[in-house]
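> Could you put the whole structure together from the sequences, leaning on the hints where they help?
Number of protein chains: 2
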Amino acid sequence: MQLDVDVVLFDGFELLDVFGPVEFLGSLPEHFRITYVAPEAGLVRSSQGAEVQATASIVSDRRPDLILVPGGMGTRALVLDTNFLESLAVYADGASWVTSVCTGSAVLAAAGLLEGYRATSNKRAFDWVTQFGAEVDWVREARWVHDRDRWTSSGVAAGMDLAGAVIRHFLGDQVAEAVAFDLEYAFQTDATVDPFAAGPQG
Amino acid sequence: MQLDVDVVLFDGFELLDVFGPVEFLGSLPEHFRITYVAPEAGLVRSSQGAEVQATASIVSDRRPDLILVPGGMGTRALVLDTNFLESLAVYADGASWVTSVCTGSAVLAAAGLLEGYRATSNKRAFDWVTQFGAEVDWVREARWVHDRDRWTSSGVAAGMDLAGAVIRHFLGDQVAEAVAFDLEYAFQTDATVDPFAAGPQG
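Chains as they are written, first to last, in the working numbering: chain W, 1 to 202; chain A, 1 to 202.
Misleading hints may appear alongside valid ones.
[Unchecked claim] Output of the computed footprint for chain A on chain W, the stretches with three or more beta carbons under 8 angstroms from beta carbons of chain A: (1) 18-25; (2) 34-45; (3) 92-98.
Calculated directly from the structure, the hints in this document are not laboratory data. Glycine residues also receive a C-beta, built at the ideal position from the N, C-alpha and C atoms.
So this is what it looks like as structure tokens:
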């Protein structure tokens, strides 16, 4: 099994939302072939200032198997950018699986890609995120939510556990455990456990 | 308190070794000002293929407060590159704190920067790493090791817990807890707990 994975970059994407999942999926290059895409190919600036090269545009005839949309402060502009949202909807239509980390689910919802789905997002931005989309079943308490061909995770670091879930789904527990061991990370394997759903005093 | 943090990129650096710590430190831009440096400024290709822009060279008059050296397959060439190691030694001499993630400690050791220090590294590459340096007190069982002005972490994901330790050291527990809560990550706060020191069957 080999999946073409497109990671969508945009100005103000959150670094760990991208490079957490990419670290884990990318450690299995025989199974996950990663390409960085953006509204336009070229250098893209993250929330934290690091600039990363996107080698392709989402406005193309690309047909990846799986798309990953990160969050970050840049999502605040994207959810209002109707040209981008229309391009994303067309592009995502051609993919078999659509995933997001953190406030990336606000972008998916604004593009109409979560209608009729269960989904989650960052817990600090939950009230903002959940205003997007008409018929999205938002789940507050979840490390990630997998509903058919959509996978959405909670905030930032939760993207790594989503990547673990994706690896287990496609390749099984043993492969996921081997990856976690090599990278010295303990995947959270229960999607419903979410210590961050309550407030800091909760 | 504001520290200038230089993150050293090189061909074949490991993505999460860099962007794990940078996510956490970078979420406190009023305290940690991050610059990406490399042997030469320009695009630098990671182990997983992503290309990241380095805006400065280590062969310059830079005087950062703290240096972070990641690991990755690229370290295999760096430990043999005497020009690079000499440049790194001079550059690191001007910094108050020198840190590494994963096999980055092999690079520090090869540059003579861990002589007389306790240090750790990736557990899968431990036998390779520990051949570098003459008088390094290598610690196998540790999530990270802090010895005076040197901080070294275990493999890949351990760099995030090292970043947590750095934040606690400079800014206290409450700031670190707030960062972890915002980014939905549970820092490991005990440096001596290392489930990855034993083999997969251990």
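> Now look at each hint and say whether the structure bears it out.
Right, here's what the structure says about each hint:
no. : hint  : in the structure
1   : 18-25 : holds (count 5)
2   : 34-45 : holds (count 3)
3   : 92-98 : violated (count 0)
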